[in-house]
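> Sequence:
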Amino acid sequence: RLTDSQSRGLLDFGAADSFMVRIVFCTSSHADGGVGGAGALAAKDVGTGVPSWWLRIQDGKVRFFLDDGSSSASVTGETSVSDGRWHEVIAARDAEDSMVYLVLDGRLDGMAVDNTAGGFGNSNDFMVGCFNGGERSFAGDIDKVIVYQGRLSDIIKISDGDLNTDGIVDIRDLVIMVSNWDL
Numbered sequence: 001r002l003t004d005s006q007s008r009g010l011l012d013f014g015a016a017d018s019f020m021v022r023i024v025f026c027t028s029s030h031a032d033g034g035v036g037g038a039g040a041l042a043a044k045d046v047g048t049g050v051p052s053w054w055l056r057i058q059d060g061k062v063r064f065f066l067d068d069g070s071s072s073a074s075v076t077g078e079t080s081v082s083d084g085r086w087h088e089v090i091a092a093r094d095a096e097d098s099m100v101y102l103v104l105d106g107r108l109d110g111m112a113v114d115n116t117a118g119g120f121g122n123s124n125d126f127m128v129g130c131f132n133g134g135e136r137s138f139a140g141d142i143d144k145v146i147v148y149q150g151r152l153s154d155i156i157k158i159s160d161g162d163l164n165t166d167g168i169v170d171i172r173d174l175v176i177m178v179s180n181w182d183l
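Residues 1 to 183 (the working numbering) are what the sequence shown spells out, left to right.
Just so you know, these hints were derived from the structure itself, not from any lab. Note that the structure is predicted; figures quoted are calculated from it, not measured. We put the beta carbon where it would ideally sit given N, CA and C, even for glycine. Treat the hints loosely; a few may be bogus.
Beta-carbon label-pair distances, calculated as ranges [said to hold, decoys possible]: (1) S28 x G119: 27 to 37 Å; (2) S123 x W86: 28 to 38 Å; (3) G134 x E96: 34 to 44 Å.
My request is simple: use the sequences and hints to build the entire structure.
This is the structure:
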């Protein structure tokens, strides 16, 4: 738990903010049960219809959710992660491109359009392994949690960031960068 006063609003992202959450985890739980069987990896949430964001395992897959209070964006990965093995997930919001992405173990695992127009700031604490109030606790191990603020092109600092040399710094470059990280 990182209290809202300790984080000084750094995890309360605005409408124009791009950010990424990188988590290394291992679980053999949360393979089914829908919302009730989900396990939160990281959350800065209040509840439905209130500015919030979270990352969790639901029905065996990673899900990233953003809510600005009037609209939401969500992306669910395609790969099952409830296999007892270590995984690295990066959930990314690119505000400029209006997209949300999931990169799992160095590969793009899901993406969706981000229709939100407002910010995601709230007064609740940043939680690792559960939602505020302790609901939907994660069953497994979490090794690393890193939150980056900024656009993908600001975060990638290797040469000019265009790792696949296609003339654009985008999610494809992030996939190349992640595949070269050590877990």
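> All the hints need checking, so say for each whether the structure fits it.
Hint by hint, here is what the structure shows:
1. S28 x G119: 27 to 37 Å: holds, 36 Å
2. S123 x W86: 28 to 38 Å: holds, 34 Å
3. G134 x E96: 34 to 44 Å: holds, 35 Å
Hint compliance for this structure: every hint is met.
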